[in-house]
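**Student:** Once you have looked at the hints, place chain B on chain A.
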Amino acid sequence: MSTETASLAALLEGRRGSRNEQVTEWLRSRTLANSWGAAALVALFAAMLGLEQVIEPGTMRLLSAVFMFVALAQGWNIIGGFTGYASFGQVAFFGIGAYTTAVLMNNYHASFWIAMPAAIVGGVLFAVLIGLPLLRLRGHYFAIATLGAAEGAREVVNNMTPITGGGLGITIPTFGSQAPTAYFGKPGFYLAFLLLATASVALSAVLARSRFGYAMVAVHEDEAAAGALGINTTTVKVVAFAVSAAIVACAGALYAFQQIEFYPTDVFDSSFTVLMVIMVVIGGSGSVVGPLVGAAGLELLSQYLRINLGTYNQLIFGAIVVAVVVFFPQGVVNFVRDAWRSRRLSLLDNIRRYRL
Amino acid sequence: MTQFLQALAYGAVQGGLLALVAVGFSLVWGVMNVINLSHGALAVTGAYVAWLLNLHFGLDPFLAIPFVGVTLFAIGYVIQRGLINLVINAPIFLTLLLTFGLSLVVLNALQLAFKSDDRTIDTSYASQSFVIGVVNIPYGRLAACLLAVAITVGLAAVMTRTRLGHAISATGMDRGAARLMGIRARHIYAVTFGISAALAGIAGTMIATVGSFNPTTTPGQLTLDAFVISVLGGLGNMYGALVGGFVLGVAETVGGLLLTGTWVNAIAMAVLIVTLIIRPSGLIGKAQFSGRVEV
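Chains as they are written, first to last, in my numbering: chain A, 1 to 356; chain B, 1 to 295.
Isolated chain A (complex conformation) (with noise of 0.2 Å):
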């Protein structure tokens, strides 16, 4: 051997121990970075949970929806985020969670335990069905598609009179032996709503390391690239499909069963939908922390408001949106990561990003 042909080969081993070592690094780091979001989520849940003994029942419902809503927006970033298919009829699979759960408790009289579940299997069957046409279709035609489906559920439902009640509403039984369930309280859906909102963010953060939210990342950035790789796109984007919809559903259980009495014009409200994909912007998509960030920020921001602002509340919402979009167009999360590692910190660069 001569010392040329040894030296390359030195070279090549060496290239490759130091890649190799990279790569632990990397792994390293992800695995370290991965408890780090773990503990983080413990302690904001202690934290919220402790929180729980020293307020008021006033301050409970109000954590309460933003609990919500960060399940929501956690539910909307798994398809409309890792997996770029904006959908906007999100709010179909909260109509028919809550449907589900109210018509089960009040026309057959079963328990809350039994209804949520099948609240869950009542979003995801319906979200596999309108999933395997829809999602063929690209960008805003998606959008529409699925705003159209949220739109037809809700008028399926208030058509269903002898079923649903239809445009009367629907009353869930909470007092003495009518009750299937006893109801919670101000107490036990501030907890409840806690666990779904921990849940969900834990879940998204298991998803986003996985093999198959690798999958779903892939699907958005280049569909056909995905493809070609093995990966098997139709089912990756129904199955995110049907998880945000099982995520979304259960909160329209749990929604349903805390309003007691609803219309169908409140749980399939679109504006629901634009709030989650508003929260999801605004925090960052396609990530873990951003939907959390942009819930809990969003629905603080609007409640105070509401509380202060009276009749301009609406106006300087709107105004708020406008500006997030133009001056955060990735996201606040992202924002700060990226000033975090370029260590620039310049508005003007977000704009230029996306403008003319």
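It is worth saying that the hints were derived from the structure and are not from the lab.
Please note that a few of the clues may not be correct.
As the list claims (entries may be wrong) - Computed far set for chain A versus chain B, every beta-carbon distance over 10 Å: (1) 37; (2) 45; (3) 46; (4) 52; (5) 53; (6) 59; (7) 107; (8) 181; (9) 206; (10) 214; (11) 230; (12) 341; (13) 345.
As the list claims (entries may be wrong) - Distance ranges between label pairs, derived from CB positions: (14) 55/A to 58/B: 53 to 63 Å; (15) 166/B to 227/A: 29 to 39 Å; (16) 229/A to 212/B: 51 to 61 Å; (17) 129/A to 6/B: 32 to 42 Å; (18) 40/A to 212/B: 49 to 59 Å; (19) 224/A to 182/B: 33 to 43 Å; (20) 263/B to 260/A: 25 to 35 Å; (21) 278/B to 345/A: 29 to 39 Å; (22) 154/B to 353/A: 35 to 45 Å; (23) 166/B to 221/A: 31 to 41 Å; (24) 348/A to 56/B: 40 to 50 Å; (25) 206/A to 52/B: 50 to 60 Å; (26) 129/A to 1/B: 31 to 41 Å.
All residues carry an ideal CB built from backbone N, CA and C; glycine is no exception.
**Tutor:** This is chain B only, laid out in the frame that chain A set:
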């Protein structure tokens, strides 16, 4: 049979009105790939302009059209130039959110200024009608329908025969190439949005003349109708909105005759979804606009 013919005639004139709402929406969508959720809000803004002109100066709504058109064109130009152009290259849901926020601002401002009461522009002729055979046709709606057809034909002529129209189409087809040819894309986009806003305003004026409007429920309904019609008719063809409008108008009135309750709305959505699945380019649209990768 009489009932059916009446429903058909009413659906046709209603369809013309809906087409006028949708034609600007579909233009902006086709050229800039922006779904303008504030389209309904702009239509209602136009309705208020005509309503104010009628209230203070007694101006006939049909004569108010030029004023409404110019006002709304200016508003639309500024919105596009100052705001939407800033995020035009962003993923679709960002432009959706921007226009949604915009519509919240506009509608709440209108609500604060004019309250959320139902308004209508009273004329001596809008509620009058004439009879052909067994069918009753209201003058106001017929005039609005004919105006919609005339405007659509006019817009198609502008798009195919003038330099401005060619510039708009070229920018819609390939912005990079268009800019290399010396077309000022920012200006052309703003003009396109201005035209769309002006058409929305005119449609709003017509709606205020033949029916009533308010700043809370009307805008959302109009935007949704514009959505459905644009998809039904297809993008890239100025007559798409006209075809889609007539199809939706007739389907809704005839459906309303045959079905009870609000089932007709569910049917409209089913038609929309089936159209999207079977023929995503719409009834007479160009395939180019449905096949492209957008996300």
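**Student:** Each hint: holds or not?
**Tutor:** Cross-check of the supplied hints:
1. Listed as a non-interface residue, residue 37/A keeps its Cβ farther than 10 Å from every Cβ of chain B; the least gap is roughly 26 Å.
2. The beta carbon of residue 45/A is kept farther than 10 Å from every beta carbon of chain B, the shortest such distance being approximately 30 Å.
3. A cut-off of 10 Å between C-beta atoms confirms that residue 46/A is not in contact with chain B; the least separation is 34 Å.
4. With a least CB separation of 33 Å from chain B, residue 52/A remains clear of the 10 Å interface cut-off, as annotated.
5. For residue 53/A, the condition that its CB be more than 10 Å from all CB atoms of chain B holds, with the nearest at approximately 37 Å.
6. With a cut of 10 Å on Cβ distances, residue 59/A stays outside the contact zone with chain B, its closest approach being about 27 Å.
7. Consistency note on residue 107/A: stated as away from chain B, and its beta-carbon is indeed over 10 Å from all of that chain's, at 20 Å minimum.
8. With 10 Å as the threshold on Cβ separation, the claim that residue 181/A sits away from chain B holds: the shortest Cβ distance comes to roughly 32 Å.
9. The Cβ of residue 206/A lies farther than 10 Å from every Cβ of chain B, with a closest approach of about 25 Å, so its non-interface assignment holds.
10. Non-interface call for residue 214/A relative to chain B: holds, since the shortest CB-CB distance, roughly 18 Å, exceeds 10 Å.
11. Every C-beta of chain B lies more than 10 Å from that of residue 230/A, the closest at about 21 Å, which supports listing it as non-interface.
12. Once the 10 Å rule is applied to beta carbons, residue 341/A is consistent with being away from chain B; the minimum gap is 21 Å.
13. With a least CB separation of 19 Å from chain B, residue 345/A remains clear of the 10 Å interface cut-off, as annotated.
14. The beta-carbon spacing between residue 55/A and residue 58/B, approximately 59 Å, falls within the hinted interval of 53 to 63 Å.
15. Checked against the given bound of 29 to 39 Å, the beta carbons of residue 166/B and residue 227/A, roughly 38 Å apart, stay inside it.
16. For the hinted restraint 51 to 61 Å between residue 229/A and residue 212/B, the CB-CB distance of approximately 57 Å keeps it satisfied.
17. Judged by the Cβ atoms, the range 32 to 42 Å given for residue 129/A and residue 6/B holds: they are separated by roughly 38 Å.
18. Between residue 40/A and residue 212/B, the C-beta spacing of about 54 Å keeps the proposed range 49 to 59 Å intact.
19. Checked against the given bound of 33 to 43 Å, the beta carbons of residue 224/A and residue 182/B, roughly 34 Å apart, stay inside it.
20. The supplied range of 25 to 35 Å is met by residue 263/B and residue 260/A, whose beta-carbon atoms lie about 28 Å from each other.
21. Our hint of 29 to 39 Å for residue 278/B and residue 345/A is violated, since their Cβ atoms are close to 50 Å apart.
22. At about 38 Å, the beta-carbon gap between residue 154/B and residue 353/A stays in the expected band of 35 to 45 Å.
23. Taking 31 to 41 Å as the suggested C-beta distance range, the pair residue 166/B and residue 221/A conforms, at roughly 35 Å.
24. Distance hint for residue 348/A and residue 56/B: a CB-CB separation of about 44 Å, consistent with the stated range 40 to 50 Å.
25. Separation of residue 206/A from residue 52/B is about 57 Å and conforms to the stated range, judged on CB atoms against 50 to 60 Å.
26. A beta carbon spacing of about 39 Å between residue 129/A and residue 1/B agrees with the range 31 to 41 Å that was offered as a hint.
Hint 21 from the list above is the single one not met by this structure.
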